[in-house]
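In the order they appear, the protein sequences are chains A and B.
Numbered as in the working numbering, the first sequence ends at 219 without a single skipped number.
Numbered as in the working numbering, the second sequence ends at 350 without a single skipped number.
Treat the hints loosely; a few may be bogus.
[Unchecked claim] Just some of the chain A residues that point at chain B, by a computed CB distance under 8 Å:
| no. | residue |
| --- | --- |
| 1 | P8 |
| 2 | R56 |
| 3 | S61 |
| 4 | T157 |
Bear in mind the hints are in silico, worked out from the structure with no lab data behind them.
Keep in mind it's a predicted model, so treat the numbers as computed, not measured.
Built from N, CA and C at the ideal position, the CB exists for glycine as well.
Given next are the chains, with one letter for each unit.
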Amino acid sequence: MADKAVAPFRFDEPIYVLCEGPADVRLVTELLKREHLQGFSVNFAKGYQHFAAHVRGLTTSSDWRKVKRLLIVGDNDTKPSARWKNAHDALTGERLPAPDRHAQIADGTHGRPSTGIFMMPSADTAGALETLLVEAILQKRGNLGDCLRQLDECPATSCDKWDAVKRAKMQFQTAVAITCKDDPSAGAGHIWSKTHNPVPVASPAFDELVAFLRRAAAL
Amino acid sequence: MIQDLEISNFRCFKALHIRDLSRFNVIVGRSGAGKTALLEALFFLASGGPQPILKIRQLRGLGEKTSISADTRSFRSLWRDFFFDFDEASTIELRSRGTDENARSLRVSYGSDGATVPFGEGSVDTLLRHATIDFEYEMANGRIVGCQVALTNQGLSFGAMVETFPAIFLSPAAREDPERNGQRFSFLSKRGEHEAVVSVIRKQFPFIENLSVEYSSDGTAMVHAKLHSMSEKVPLPLVSDGINKMLSILLAVDYCSHGIVLIDEMENGLYFDLMGRASKAILDAARESNTQLFVTTHSLEYLRALLPVAQEHPDDFQLLRTTNDNGASEIDCFDGRHFAAALEESLEIR
Chain A
1 MADKAVAPFR FDEPIYVLCE GPADVRLVTE LLKREHLQGF SVNFAKGYQH FAAHVRGLTT
61 SSDWRKVKRL LIVGDNDTKP SARWKNAHDA LTGERLPAPD RHAQIADGTH GRPSTGIFMM
121 PSADTAGALE TLLVEAILQK RGNLGDCLRQ LDECPATSCD KWDAVKRAKM QFQTAVAITC
181 KDDPSAGAGH IWSKTHNPVP VASPAFDELV AFLRRAAAL
Chain B
1 MIQDLEISNF RCFKALHIRD LSRFNVIVGR SGAGKTALLE ALFFLASGGP QPILKIRQLR
61 GLGEKTSISA DTRSFRSLWR DFFFDFDEAS TIELRSRGTD ENARSLRVSY GSDGATVPFG
121 EGSVDTLLRH ATIDFEYEMA NGRIVGCQVA LTNQGLSFGA MVETFPAIFL SPAAREDPER
181 NGQRFSFLSK RGEHEAVVSV IRKQFPFIEN LSVEYSSDGT AMVHAKLHSM SEKVPLPLVS
241 DGINKMLSIL LAVDYCSHGI VLIDEMENGL YFDLMGRASK AILDAARESN TQLFVTTHSL
301 EYLRALLPVA QEHPDDFQLL RTTNDNGASE IDCFDGRHFA AALEESLEIR
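Construct the complete structure from the given sequences, taking the supplied hints into account.
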């Protein structure tokens, strides 16, 4: 991933994955490594609001001709249909083909790349990257689930009234804080380089996203 | 303004059609991909004759003087590399569309004659096949006017230039003549309109109190600067290359009202901190005088400095990227919103 302040992002790979932020980039990169998938460049916009600007900029880039597939990986947040539309509009705004369904790959036409959209955690479900990360953590350490639930319901907090995304973020950071001894404050992007990373990359929680990436690689 | 440009058989361009040109056209691309060639095509279109060849040779670093010997081959060597793939049997065609004053087409081809005329003393050895190259312009109103360059026994003869529209070609390889800048400044001053330019320069460089045209010690009239810190006025080129460049551009923009200013390697000589502000001031001046800018650059720093200006005035910008993958150059065009988005998202556009 390029340092945006220093050098423009350059790439040679035919599959371009556009994520919302650096933490998403890191997850996708880890999954590509896990699956030994080749031919991907992974970059991020500055938030979902910038998907359209990023795609517009990408079609202007001197590397655009190399892109054979353009994938968008975003968060549903609390408004799955609005977030889906936002990602979809980013493609159609540049007259690119756009998929009709979550995780589908739309065929490229007239020299334009094929495209796909994957919204985390999955179709029409409120949540974000952290939702998947927490799911993966709990699949490995089920006993943490009780702690997180108790914290959720603790009368000293009002977490149970938070929306799904905020709760997922709270649960993720709490799980990291109590398991990642070498860096209890590690964020979702940095957790992968920690010795006590509680997120198992092999978790089935990521299988749907992995299947999407595999499909793109196989086309 | 030129909105649309077609080029055939010129330099590295086999056939090209550029649409939606704007006020401030930024040209990027690898070395040898045709950035300067595009400026040359525009310069020929505007100039109403073949005379730009002398300036272009100078800009291309082919020397201050153009000398040819008394034979057809030497004559043709002047023009040969303007033809795509050196195909001298083809016809160069350039066509601009837009406002009437800037719309025209130009066809350049060798004359069909081949008469033998005596050269010099007239001995058999110095006999010369009469060589000509024809520049034929078709104006917006359909009128066709021609201009011919011929190699005759009198030497090289340039026909009279036909109607031109204002065009100035600024290149780091050939700095703008200080005397010419002096003339342009004086022209402004006589109209009482120099203060706008002085004000822009003063705003960017507060240590400058005023500008005026004065005679230098060798008798050349050139722009001098009165600095707050010095008691005597100083020739502007001695104050700063960057300030002199900016003044050259501002004067060129004013001089080329309803015409074009072509700037090769815009970033050259401009301090990084000045690039954005200078570009804004130049755009403002171009809007004011209805001048169109074509600017080449390799510099990411310069492009990034343009971002706030392009974000503020996206309709005034167009990005043109030249590429040359298979011998013939192509140009991809992007509007100001795409240009700004790519810069904002830190994607490579050069």
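Hint check results:
For P8/A, the interface hint holds, since its Cβ comes within 8 Å of a Cβ in chain B; the closest pair sits about 4 Å apart. Interface hint at R56/A: satisfied, since its Cβ lies 4 Å from the closest Cβ of chain B, which is below the 8 Å cut-off. Taking 8 Å as the C-beta cut-off, the interface hint given for S61/A holds, the closest approach to chain B being about 4 Å. Annotation: interface hint on T157/A violated; nearest CB of chain B at approximately 38 Å, more than 8 Å.
Of the hints listed earlier, the one the structure fails to meet is number 4.
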